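**Q** These are the residues of each chain, in order.
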Amino acid sequence: MRKPLMIASLAALAAWATPARSQTSSVWDGAYTGAQADRGAIKYRQECVMCHGPVLEGNGEAPPLVGRFIPDWEGTRLSELFEKIQSTMPLFAPGTLSASDTADLLAFILQANNFPAGPKDLQSDDSLKLISFDAHKPAVQEPRAGKRH
Amino acid sequence: MDRRSLLRTSLALGGLAGLGACATTPPPRTAAPGTVGLAVEDIPPKLAPIRAHPDRIFDVRTCIRPFRVKGPNLDTEQIGDTLVVHNYGHGGSGWSLSWGSANVAVQKAMSVAPKKIAVIGCGIVGLTAAIVAQRAGAQVTIYAREFYNRTRSVRANGSWTPDSRICLSEQAGPGFGALWEQMARYSYKTFRFYMGLPGRPIDFADNYRLSDTPIEREDDTLDPAKGTYGSTGKIQQNGEFGQYSDLIRDLTPKPEILPEGSTPFPVKYARRSEVMFFNFGSYGHVLLSEFYGAGGKMEIREFHHPSELATLEEKVVINSPGYAARDLWKDKYMIPVRGQTGWLIPQPEVKYGIYYGGVSMLSKSDGVMVMSLGRGPVKGDLAGVGDANEVEDRAEIEDAVRVIEGLYARMPASAA
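Protein sequence lines, in the order shown, are assigned to chains Z and R.
Going by this note's numbering, 128 is the number at position 128 of the first sequence; the sequence numbering is gapless.
Just add 149 to the spot in the second sequence (first one is 1) and you have this note's numbering.
One thing to keep in mind: the hints can contain errors.
In silico SDA-like pairs for lysine to any residue, Cα to Cα no more than 20 Å straight-line [to be verified]:
# : chain 1 : residue 1 : chain 2 : residue 2
1 : Z       : K137      : R       : L346
2 : Z       : K137      : R       : R450
3 : R       : K265      : R       : R450
4 : R       : K264      : Z       : H136
Calculated from the structure, these hints are not laboratory results.
For clarity, every value in this text was computed on a predicted model and none was experimentally measured.
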């Protein structure tokens, strides 16, 4: 009996040591690249700035895309925000943004809200369904003393 | 101009108005030759005189503008586990910029998705921040030393003056203009929603600038020889104050030069502009009703040290204490700028404002407001700088009222 138990323990240790490759990730995990956000910024100035404002502050009718934007979208997946943008924006021509432009805009908005950039562009596919929009940065899991044995 | 020629003009205007009312064909677009040369719709109407007499003064209020040389503080800082978003130091522009500044502060506050927000201060800047935070979905408690109607805000002028002593341009830096424009435009847009309500919380009026000598623009160019705040540690000249109104020139009508004789006033030179202003009583009532109606709470409390903010239940605080920030936060950039208003008994039939001889008067719903702006030894924005004396000076207001009393005394009865 000792051997299987030891294997199980090792497996548990391995699972603890390397973060579980879970199905989902968060906007805090670097969901876009800086270059993509730069492309999004250009698109933003062309399509969005006239209503949402130069610093995404909103204008009283068009909502801000910073600040209260975070609690407004908290708990959703990025796919929902992507669909909202692509299907309803810009207000004067909804549905005219290409998928890649929409992803770039989303990257720009994430950057404006201080979510970190990462090594890979945000894609405009089903992978968005796996990225959660969390208001708060998850606490880093510190090894806890007394749990190793 | 002599009384006779004014009388002639008045009669001519009266005749024209009568023609407009009776004619079956549209009235001519311009006044008849020999009158004034203004488009019909721009000819000043008959104006009820202001009963400017010192014994009609029923209130004198003095305040300190929360002037901050770097412009309003909208930074954030962490006090223990509490996020503090500053929102103070709006100088003579608090009423005007309140909504735009609130929007900036609230978006910073909401970035950490709080359920509850505390607002420190219940002047116009705190109260509007509280309402904007409610609109963003937060439960809000205002902690303040005084209720709204005892704050310095209601001892101010309360007109649309969005760049009145808002900063020193050098200290605020070149980026401030864009932020200022954002706040000014957002505010202006928001005021729209408070028009047309009972008590006219926000109103517009014609303002006549009157003079016996040609009206000249004050010279506010910076003179390097005089020194500046940057070089001496003290504000030295009017040219140091930030002027940004050109950025929003499109929002308001252009001032008009009115030809001599076109107004009922006994002066040679007149210029008319449109002024938007805030009626403190009704506007405050509407805002407080909105705040309480959305579940807001108010607690009278005075803070003595920033660390006390961390003891609040709310972990996100919007800090709008106005001039009190100078002591509470030891903000060395805050400089007091004294201001005073006098109030004559309300005259609802008067629907305009005037500026003459260094005195301004504006008829508001809660009284005819009097300010002595150009009669002291120090002119322009420098007047009152460094003066934290909040004791009323009734003599100054009486002197101002007499100036206007003298103006109306010269006005022929037929002109009113």
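**Q** Indicate, hint by hint, whether the structure satisfies it.
**A** Quick rundown of the hints versus the structure:
1. Our distance criterion of 20 Å between C-alpha atoms is broken by K137 of chain Z and L346 of chain R, whose separation comes to about 45 Å.
2. The suggested pairing of K137 of chain Z with R450 of chain R is violated, with an alpha-carbon distance near 33 Å, which exceeds 20 Å.
3. Proposed proximity of K265 of chain R and R450 of chain R is supported: the alpha carbons are some 18 Å apart, at most 20 Å.
4. Using a Cα cut-off of 20 Å, the hinted pair K264 of chain R and H136 of chain Z holds, with the two alpha carbons roughly 13 Å apart.
Of the numbered hints listed earlier, those contradicted by the structure are 1, 2.
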